[in-house]
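Residue numbers (this note's numbering), protein chains in the order written: chain A, 1 to 239; chain B, 1001 to 1403.
Wrong hints could be hidden among the right ones.
Stated by the list, open to error - So, partial list: chain A residues that the calculated Cβ filter (under 7 Å) puts toward chain B: (1) Tyr48; (2) Met66; (3) Leu70; (4) Ala74; (5) Val78; (6) Thr80; (7) Ala82; (8) Asn86; (9) Arg88; (10) Tyr97.
In case anyone wonders, no lab produced these hints; they're calculated from the structure. Values in this document were obtained by computation on a predicted structure and should not be read as measured data. Note that the Cβ used here is the ideal one computed from N, Cα and C, for glycine as well.
Residue-level listing of the chains:
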Amino acid sequence: MIEVRHLTKQFKNIVAVEDASFSVRDGAITGLLGHNGAGKSTTLRILYGLLKANSGTALIDGIDVMASPLKAQAVIGVMTDAHGLNPRLTAREHIEYFARLRGMQRHQMTKRIDELVALLDMSDIADRRAEGFSQGEKMKVCLCRSLVHDPQNLIMDEPTNGLDVMTTRSVRSILQKLKAENKCILLSSHIMQEISALCDEIVVIAEGRVLMQGTLDDLAKKTGEGDLEEAFMQITRTA
Amino acid sequence: MMWSVITRKELKDAVRDRRALMALLLFPVLGPAMIYFMFNMIIDIAEEAGDVSLPVVGAAYADDLVDYLEQNGILIEEVTLDADPVYSGEFYSQAALDEIHTAIRNRRFDYLLVIPRDFDDLVSQSRTANIELHLESTRAKSAPKAGRVQELIRGWGQETAALRLIARGVSPDVINPVSIVRIDVASQQSRVQSILGIVPFFVIMAAFICGMGVAVDVTAGERERKSLESLLVNPVPRYTIVIGKWMAAVLFSAVGLVLVMVLNFFSLSQVPLEEVGIVFTIGRLEIIGVLVTVLPLALLAPSIQIFVGIFARSFKDAQAYLSFFMMLPMAPFFYNMFNTQDREFWMNFVPMLGQHMLLADVVRGETPAIPDFVMAGLAALVYSLVFVYGASRLMKREGIIFS
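This is chain B alone, in the form it adopts within the complex (with noise of 0.2 Å):
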């Protein structure tokens, strides 16, 4: 086959271009990678929510609150001053002060409960106590563990509010005359739904990405060094040149698909998924299915760049070109953020609408229809061959061939 040996060529010269290899490896990298934290970070913040301990200074002095507290599943962790051990109930002494902020600063702990020794005296006179919540608001850590405490401690003192409206005669709902209650829907699960969802961009973004170097430097790069007109004095169709240059970035493009798709899922397999409830299984046929869907897309990406590339006089003209064409990939993924509609047949025809649709059904563990799955690669394969022939229509053009 004519066009394999310019598939051949062109890619024993791609291999020896150290910055197309670089482009090939070092993107399918970055996303699995980004992945990964980002999942390992939910995980945490999840586990940590579920199970906060709390350091309390003077806990004996509040037994009523700390076993409200202890009910409502936090750890309460005793804490004794070194600067004051027995605790005197003078908030404000300083040596006292420094040691709780040196405590945090030094993350010992990440925020500490401090309660006054006259708390039970003021509480059993119906008088307000006060105590402090000492905590460091710039550490992410402390944000949802400290909200959660000071929510309780708000809920004893309601209940304790009620408890004494009712001693005098009164009616709680006096002091509430509106009670609001959040319901979050936003579970873990959904949180982690919405980070599965950037897997399909990526993959398509790969497609795009791993394969230009390759398609700009063939086409450009060839005009540039001004190596075209030579190689057009031989006796080989056009379409045949194209195809031959074509199938160079689609193999990039290929090549940088599985591997994206290989270590999506295997950092996916390393988070422990199930610890937020989710149940990620990659079988042989997701994975057969998830390839089906976006190897088309390595004929397609290449393609427009082979046109775009064929286009542009120079590697420069060529790369302005093609950075507003990287917008394309990213197209699918807002349109799928704002669309409300349900899939519809049509939007298998769209390129890159069709095959995001799809990876998301896979990725959330749906298997999608198989007429969907053969209209969205046909579709794909007829563009295509679209700007194939179109690349090979300008291939001839006296203009660009002597420029």
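For reference, chain A alone in the conformation it holds in the complex (with noise of 0.2 Å):
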């Protein structure tokens, strides 16, 4: 469960976030949709504890963030919008890694891999070193790592953005298993399909501020609109 209230962050004097406020429940998976620079990411990095809002409050499952950011981060999990790996590591010593630092032990850790790793169908690179991983295998990993711990919360930055076919399918429908086991999924894009045929909840966020949150029903109540995209340029241009 997290709750974004009256968020703002200014960089320099580009105001990134404006007075953004939105909630995202538990079983469903929420979309933040919005153009390029639109805040998206800025919204997320202060979410997962990298950014500090100049005002406003975040909580996650009534923690928070800018209180207590460790506190926090121990009850999300994270896939940022750089998939940067270690090319010298393998792609289980990576999920390991993550695994520890999240104070896992041993045993339960290996389970876990194992399971992911059977999840995800990486069977085939889990002890090859990284180098030379596909955007889609270094993906994978990196959605395993934040998966690793079973976090009730998740935060995904442009989870599918240059992915193939193959690969976007098996991690919708990792979400919609994650969604089914009560789970609170709240990841950005600013791909009009990719929302409308993964998301229950849409917040539509322009120039930093959030202009509407709901179904995508409501959206099409609202503006008319049958077809997302039509609906959300209706609602960019009005703002």
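Join the two chains into one complex using the hints; note that each chain is given alone, in its own frame.
Written as structure tokens, this is what we have:
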């Protein structure tokens, strides 16, 4: 459960996020939809504790991120937009590293990693060094290590960006599975198809402001447009 | 311990990085090898200067001179020329000259003294006799020997001149308005001492060089790979992350230090130092002393490199900054070269200067005072903690995490 209230973030003289408020509930996939540079990444970075907002609060399962970032980080899994891996470590070593940083014990960790490797169908790359991994393979490793501690909340920045159809589909099915486990999932995207195929709730953001939050139907009703793209265009135009 | 998770991961990575391993292994071998060769050269030269043998053509024609040379420690080696076995006394017979020069060029001789047949006649008639010293001046080994021979011949000449003057009732002082006596204080021993002075320099350099690859890779490398952001998403305090990374570099630096010291002592023990009158014994106490002195540097050098590495955007950036910091270990070396002051207590607080002086003492066979050890070690520890703290602060900066 994620609560964002009146969040504002300013870099020097650019206001990246302005008075943003929205909520993300458990058991649903929520999409943060906006153009490039609309403030999606900045909002997410505040939520996972790497940026400090100038004002406003962000609560994750009731924990104030700004006041106790480490506690908040303990209950989330994060997939950043940069999928940088260490070329000399294997996929499994990457995942083990994060599991250990989250304080997992060997037995529990090994079992969990085997599960995830099977789930993401990555047994062929699990013990290979990351050098030369494709975009999709890198992304699978990143997803694995963000899920290794079985977090209640999952924050993902552009998770399917640059992925082939096969990988995109397997990511989608995993997200659906997590949703069925009553997890709270927040992802950002600028791709309408992605959002409409995956998300239960949509938060439309433009120029750092949250313009609207609701289901696909809510958006259609409010704008009178059946197509998400048309609805999005209309919302951002009138703003 | 959470930091050890990070240290272990970074070490695993570093061990797989051939470049970092090469830096760790190559430098510690370089210094001791250099010291070994330098010492052997000095000892060779010292041995030969004391034991000069002189090939002479026509030694029989200058008994007096040859005696004089032998009395002064020169081993005369009589040489007969194939081109002119009985030696006719014709200096410039081309065949004789050719033979002499070929012999020198072929390294049968380094140099050769040629005495004319009429030498004794000319001398007894109080005339000037021309003798020739053939040598190859570019050959390093022959120069000091030839110098010594020339000096002795000149000495004999002066003695003879004095006798001639006395025979004519003139004081020899008339032709010697000034007499110069050269006293060389630089013994072989002090030359060796000045080479021993390089040992601390190599040891301090090793602290900086051996951990640098790791320190840069875990900081600037992490930023360049774009893996820093995802690391910081884990609920681990920044100082824990910095300490974990620092410790990985510290381990490399410490291994390098120990390696360079072991190899240095090994190469010194292989050199016959006693032949130039140096007693260099390394006991357990000295080794412990040196280790206690230099190990704080294995903490300090990587802490500086981690700090600079976090500041740098990329690997290249970091290397450019750090090549400037490589001047740091050289500073105390040069300071001590020109420093005429005695050691003072404040010098212990200057990082690296303190260690340099302690090491110099130990290598010279002196035992520095315990307070000096403690203060220099503590100073290095405090400075490294300052850099680690600074690095943790840097890691909190938004501009550093995202760029």
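- Could you tell me which of the numbered hints above are not met by this structure, giving the numbers in increasing order? Going through the list in order, the structure violates hint 2 alone and respects the others.
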